[in-house]
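Chemist: Here is what each chain is made of, one letter per residue.
There are 2 protein chains.
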Amino acid sequence: MDLYEAIKERRSVRKFNPDPVDDGLIEKLLDAARMAPSWSNYQCWRFLVVRDEDKRENLSRSLPENNPAAKGLVQAPVVIVLCADPSESGKQDGKDYYLLDAGLALEQLVLAAHAEGLGTCWIAWFDEESVKKVCSIPEDYRVVALTPLGVPQKQPSVKPRKDISEIAYREEWGQSFK
Amino acid sequence: MDLYEAIKERRSVRKFNPDPVDDGLIEKLLDAARMAPSWSNYQCWRFLVVRDEDKRENLSRSLPENNPAAKGLVQAPVVIVLCADPSESGKQDGKDYYLLDAGLALEQLVLAAHAEGLGTCWIAWFDEESVKKVCSIPEDYRVVALTPLGVPQKQPSVKPRKDISEIAYREEWGQSFK
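Note that the protein sequences, when read in sequence, are chains G and V.
Sequential numbering from 132 applies to the first sequence in this note's numbering.
Sequential numbering from 132 applies to the second sequence in this note's numbering.
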């Protein structure tokens with residue numbers, strides 16, 4: 132799939148069909164994710180691939196009650212748990228760059244998923260300790276995001292985006308780029 | 132360009148030709164960046180497009196001395212300063228999700244740049260206050276990354292990546308995916 136097509140057509144998907152997703156496909160997505168650039172090329176990211184239904188139910192319970200995203204974690208056949216090792220990234224002026232690194236890899240994963248006909252929807256609002264317990268994640272790693280992975284029930288409509296004039300400046304803050 | 136081709140062929144570029152990069156191209160990259168998913172679709176990202184040579188020199192001086200990336204900021208005709216508004220993103224268990232949001236948008240920008248024949252190399256190691264001063268960035272925004280943007284002198288070789296067996300687990304931490 133064309134890069135711009137993937138970027139423009141990708142959506143956050145919350146409803147999934149039960150169709151299976153095979154290991155070969157998941158490996159393709161992980162391969163895309165690991166090619167992202169990272170702080171000093173340290174590659175702090177780790178990925179947990181969860182298929183087990185009980186585990187996915189338990190992961191969904193780590194979300195706040197009535198969070199609409201919880202359902203997707205059970206409905207989709209796979210959940211990806213994105214973790215990071217802060218010691219394999221940098222910290223500058225209070226900014227934890229493992230989160231930026233994780234974002235770079237995650238975006239390649241979600242674009243590749245879309246190109247393969249799969250939907251994702253990254254979730255950050257969960258109880259980290261609960262997720263760690265479900266998947267035996269060590270204390271010194273951080274859980275950055277969860278996403279269901281599966282065949283979308285339908286293509287959701289695009290959510291509005293800020294215009295370039297609202298987010299881009301020229302030379303100095305406040306001088307609109309456009 | 133095919134998505135996987137962009138993901139596999141993109142490199143961090145540190146040496147640039149002086150060829151100009153026109154506004155239309157930059158707008159295309161910003162358009163790709165703004166389509167990224169973000170915390171509650173808040174889109175905390177802001178982009179500063181710096182062409183002015185004195186400003187680029189000043190930005191390069193915000194890097195630690197002898198940082199090899201500093202040269203690229205002067206050599207390339209454009210520097211993109213990626214900022215974020217933390218109040219337009221979330222915080223969970225000490226994790227500042229504006230950094231993840233910024234990473235998602237930045238990855239779409241660097242992939243699109245590669246597809247357009249342009250090189251980037253994101254830099255996190257700089258003095259934030261100096262960068263803010265050069266571009267009049269308000270106190271409540273964070274400067275997340277700088278990247279030069281220009282025509283690469285050559286395609287650098289690929290840096291080694293961890294094998295999937297080192298970064299991906301199945302069901303539980305420690306059970307290799309592959």
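There may be inaccurate statements among the hints.
Since the list gives no way to pick out one identical chain from another, each pair is judged satisfied if it fits inside one copy or across any two copies.
Think about it this way: if two alpha-carbon atoms lie no more than 30 Å apart in a straight line, the pair counts; the simulated BS3-like pairs of lysine-lysine are [said to hold, decoys possible]:
(1) K139 / K186
(2) K222 / K146
(3) K139 / K290
(4) K159 / K263
(5) K264 / K285
Derived from the structure by calculation, the hints contain no laboratory data.
Chemist: Hints the structure violates: just list their numbers, smallest first.
Modeler: 1 and 5
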